Structure formats: structure tokens, C-alpha cells
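Starting from the given sequences, assemble the full structure and let the hints guide the process.
Take a look at the letters that make up each chain.
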Amino acid sequence: MMINSTDVVAVLPFISVALGSVGLLIADLLIPAERRHVTAWLAAALLLTAAVIALSLLGSPTFEAFGGMVISDPTAFFLDTLICTIGLVTILLTLRYNQVRGILRGEFYILLALSISGMTLVTHANNLLILLLGIELLSIPLYVLCGIARPRLESEESALKYFLTGAFASGFLVYGIALTYGASGTLSLQTAPAAPNVSGDPLLLIGIGLILVGLGFKVAAVPFHLWAPDTYEGAPTTVTAFMATATKVAGFAALLRVLHGGLPGMESTWQPLVAIIAAATMIVGNLAALAQQNLKRMLAYSSIAHAGYALVGVAAHDTTSVVFYLTGYAFTTLAAFAVITAIGSSEGEEMQFLEAYSGLGRQKPLLGAVLAIAMFSLIGIPPTVGFIGKYFVFQAAVAKGLVWLAVLGVLTSAMAAYYYLRVVMVAFIREGSAAAPLPTPSAPRNLAAAISVAAVFVLGVVPALLLSMIGNGMLSTTP
Amino acid sequence: MQLASSKLRWFLAMADFVPVFILVLLSTGLALLVLLISVLFGPRRRAQNATKLMPYESGMRPIGVAQRRLPVRFYLIAVLFILFDIEVVFFYPWAAAFRALGWYGFANMLIFAALLLVGYVWLWRKGALEWESVDKS
Amino acid sequence: MDATSFVTFLSAALFVIGALGVLLRRSALLIFMSVELMLNAANLAFVTFAHRWGQLDGQVTVFFIMTIAAAEVAVGLALIVTIFRTKRSTSVDELAQLRG
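Protein chains in written order, with our numbering: chain B, -5 to 473; chain S, 132 to 268; chain P, 6 to 105.
Everything labelled a hint here was simulated from the structure, so no lab data went into it. Misleading hints may appear alongside valid ones.
Residues of chain B placed beyond 10 angstroms of chain S at every Cβ, according to the derived structure [claimed, not checked]: (1) I20; (2) L51; (3) F60; (4) V278; (5) E349.
Simulated coverage check for chain P against chain S, where a stretch passes if three residues somewhere in it have a Cβ under 8 angstroms from a Cβ of chain S [claimed, not checked]: (6) 7 to 19; (7) 73 to 79; (8) 83 to 92.
Just so it is clear, the structure is predicted and the values come from calculations on it, not from any experiment. Virtual Cβ for every residue (Gly too), placed ideally from N, Cα, C.
Shown next as C-alpha cells:
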């Protein structure tokens, strides 16, 4: 009954981020309003600490804690590290961007840290209640973050749309959990279908189906993706960058916990369903991205398409490939958003339309290069991480006999090259327009871009470095 | 025999809901009865003068309009009330099992209350509880 | 049909009403109320199943869902009030700034 030190170690990243955000709440009261960037740096220090803690726990063996409520394996600690690092890079992006737009508020960083604490709980969930709590803890601060640029209407609208669809998705998730509990009599992910005469119970099948719908909303998989473009476009770009990367990783962490870490012996039930969703997500995401003129919106559809590729790995029951893919995708997308946060007028109007980027490669070669590298990695051109990531998930699909899914993935990737290359063309080949504003200088943002680009290349050249950290994926503890 | 026993089980299960059914029947019947009485004994013709159209025919004169806008402060206070009210949900089971949980439960609830207190202090310092002034943040 | 199944069907009906309300209603406030109905349908199901299995897990889960619902109410109402102040409307059809 009593908690012991093993329990604490199992969720140490979560505990440190959660307590740290409470500390941040108090610290923010003591910091005068004109020195808000101190809160930002404190939050960055907190996330760095949590990332280091999670990294140092990578080597520990798999164990359950809190009476089996949470589980700790190398994959979980790796995902914690990844999420905290994404948060850290996001904070570097916000310092200048948020200041220019008047949203350099203490609440921004407190909410960001709280959301990350929810994510680091999801990665360890071994129980449907913990999974639900983690997902809500990550979602509710995000609803507020989307609308933090009030009274800008687009920010408020994005927040309301995200909130309504997010709450709707929670409804499905909660009811799905209720039905799963009703069928099996347990909330544990390990034993749920293992109860006698349960695995074919329609109540359990409907329950798992509803849970998948709820999580499908969170990762923006087709046909539950309609909120993503509007929310990504309207939210402040720094929040969009965080949502497109960290939230996506956490949503997939939840999916992996449910499908790969839990529900032993039910693979044949969920695999066809996930494969079909993956196929639809890849096709719809890429087709819709073709028509976009707004770079932020294009990246929103691109994030949907990439969720499709990661789902290929989920369908193939290959946790390592999914986690690797998400890591590569996250750093690539952060690099792209670093460029978007850089381009904008000093009055806070940002340039989202592709036109504004014409001539960027000539006027600012470094920023243009970052944008080009991000686009190449999103297409999947070697030696970037985008190529290796796609290679791993497609290979996993072929190994599982899902050849059609891998072929579809390659075909849609070729199609995606069109809209990604168009961005590079506009930035490097077209003449610069006089209206295009010059980027505002910011050392932290440049650091964020450098970290992201370095990760894209390092992981693209030596993927083994990451593979050894991710470990063997999530293994069910019950035989 | 099998059929009879399953039917019996059904009736036994339904027996739990007998009070609910009685309540539904009674409330429906009462509503119909009231409607019937007002149709039978109420004034037949539509009211011709202004007094008949007033909300309280022989009562107090209405002041102002019913759909008045309330300041947003009311919503803020209401929302804060909900958030701090929900803590009772966790305090109540603890109170019910106070002796069984002992000092361990007490320590846990203390942590819980401390977290709530931090939130309260933050609200207070941010000026969310000020009725008159605008927010300080 | 025993009492457990009866209440399960009741909760399923409430859940479907809530889900349909979200899809068919156009006012943000009513959509939000429909979501609350979905959550409470789940609460009813949890209590029923806890009774069926003779455990407390389901009832404890209800406490957490109530807390989650309260947090969502706080954030959701704040967002709706904020957008009403800017836009003077809570209809989701009029939220058409972002599209493409």
C-alpha cells in the first residue's frame, strides 16, 4: 500500500516536472512582470533537469510500480527524454516570438510544463485510468495555450475548436474505458483481455474501438483529423510547433501503451483497423497538403500525413520503428517551425503564406538552408533522419506481411515531394519580394534551429545511436 | 423451466425499479391533472387588458428585464467555485476511511491540500478574487 | 435482462444522445453540454460495472472523471466567454476565420 522508492523512480520524470510546475507557479508570482523571460529560463532549466533524469534512467530494467498502475521500460524513459527535449527547444523558440507578440507570460511556461508532465505520465501508463489522467493533463493546458494570444480572434477560434474536438474525443476515450472495464473487470492494460471468456466479448471490442477513436483524435488520424488544420493555423506558432511535435509523440505513446504494451493476444483484432486508418491518413493528409498556400496549414496536413506513416509502424507491431520515426519527425518539424517563427514583422503579424518566403534562401542563406533541410527530411531524402525513419516503418510493415501498406507509403511519399519541394523552390529560386520582412534576430531561436538540424543529420547518419536508447520496445509483462 | 427461471430473474431485477416507475407514473399523472384543472377552471377568453398579461397579475410590478447581462466576474467566481468544490469528492472518501488510512492517508491529503492551496494563492495574487479592480497580470 | 444490462443500455443511450448533440448542435455551449452528457454516461457505466464486478475501481474512476469534467468546464467556459466577448456569438458556424 505504502509507496516506496522504486515507485518514485518509476515516474521520476513525471514527478519532477509536475512538482517543478507547481514551483514555477509560485516563482512566477515573485518575478516582476517586466522580467517574464526569467520564468521562461526557469522552465527551460526544469525541463533540462527532467530530460537528464529520464536519460539517466534509460538503462534500468523493465519494472511495474504503484501496484502495476505504471510501468517503466527503456522506451518509456526514452519518450520522456524526447518530450522534455522538445519542450526545451520550444521554449528557446518562444523567447523572441512571444515577446514580439505580447504573449511572453508566466502562464505560458507554467501551462507548457504542466502539459509536459501529463505527457510524461502517458508514456508510463499501464492502467487505463492513468492513461486517461495523463491525456487530460496534457490536453487541458494545451486548450488554454492555443488561446493565449487573445484577443486575437484566430487564436481564440483555434482554442475553441481544439477544446470542443478534444473534449469530444475525451468522451469517446472515457466511455471506451468504461466498456473495457465492464467487459474485463479490470482497468489494467496487462490483464484486461486475459480474463476468461473476455477476448471475444462485444463489450470489450466496442470499448477498445472507442478508445482507438479517442486516441485517433489526439494524434489527428483520418477520419478524426478535421480539427488539426484550423487549430494549427490559428494558434501562436510556438504553440503549434509544440502541438505538432510533443503532443503527437504523447498521443502515439498512448497508442503504443494500449496496443503494443497492453492487450496481449489481441493483435489480430486491432491490426486490420489500424492498417486501414494508417492508409487513409497517409492518402488524405498528403492530398490535402498539395493544395495549401499557407505554410502553417501545409505543415498541419503534413503532420497528419506523418501520423499515417507512424501508424504503419503501429500496425506492424514494431514499437522501435514508431518511436524512431516520431523522434525524427519531431526534430524535423521543429526545424521547420523555427524558420516560421523567425519570419514576421516586428508588429507581430507573421508571414504564413508561401509568397512571403520567396527569396529567403538568397537574403538569409542560413535560414533558407534550415527550411530546405527540414523539407528534405520531411520528404525522406538521405542522409536525413526522415529517410531512415520511413525505411524502418516500411521495413517493419513488409516483415509483417503488410506489403500493400508499405507500397502505399512509398507512393504517397513521392506525391508529398511535390509540395515540400515547392517550398524550397519558392525560397531559393524565386526572386525576393520587397514586402517580405527581414527576420528578427534571436540567439535562442538560432540555437533551437541548430539543435534540430544537428539531430536531423546525426540521427540520419548514425541511427544505431538512437536505436540502442529506445531499447526493445514495449513488452507485455504477462506471458 | 429454464425459461421460467430467466423470466423470474427478469422480474426480480425489475423489482428494483418499481419505485422509479411509480415516480414516473405519479409525476406524469400530476402534470396532466394540473393541465386538466387549468383548462377546466381557468378563464376561457384571452386576456384583453395589460394587467392580465403581466407575469404576476395581482402581485409585484416587474422591475427591469429578465435577460439582464451579468458581469463576467460572476462566471469567473462560479468557475473557481466548481474547481475548489470538486476537492470534496476526494476529501469525503478520505474522511469515511479516516481511521483505516491513519497517518499515511493524512500525509497524502496534506499534500493534496497543499497543491490546492498553491493554486488558491496564485489566483489570489493574480487578482482573480478582486471584485472591483481589473486583473494585475 | 438483468439490472446491470438495463443500466448499461441506459448509459449507452445517454452516450449516443450526447454524441449526436455534439454533431448536430451549432452553439458552442450546447456542444459542450453534450460532451458533459457523454462523460456522465461513462460515469453511470462505471458505477454499474463496479457493482457488477463487486469492486471499487469503477467508483474511484468516477471521482477522477468528475474532476476532469470540472477542469474541462473551467477551461471551456472561459474560452467560450472569451470568444463571446470578441465575437458576440457562440455559434460554431460563425467561427470561419480559419479555413482552407
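Violating hint indices (sorted, rising): 1
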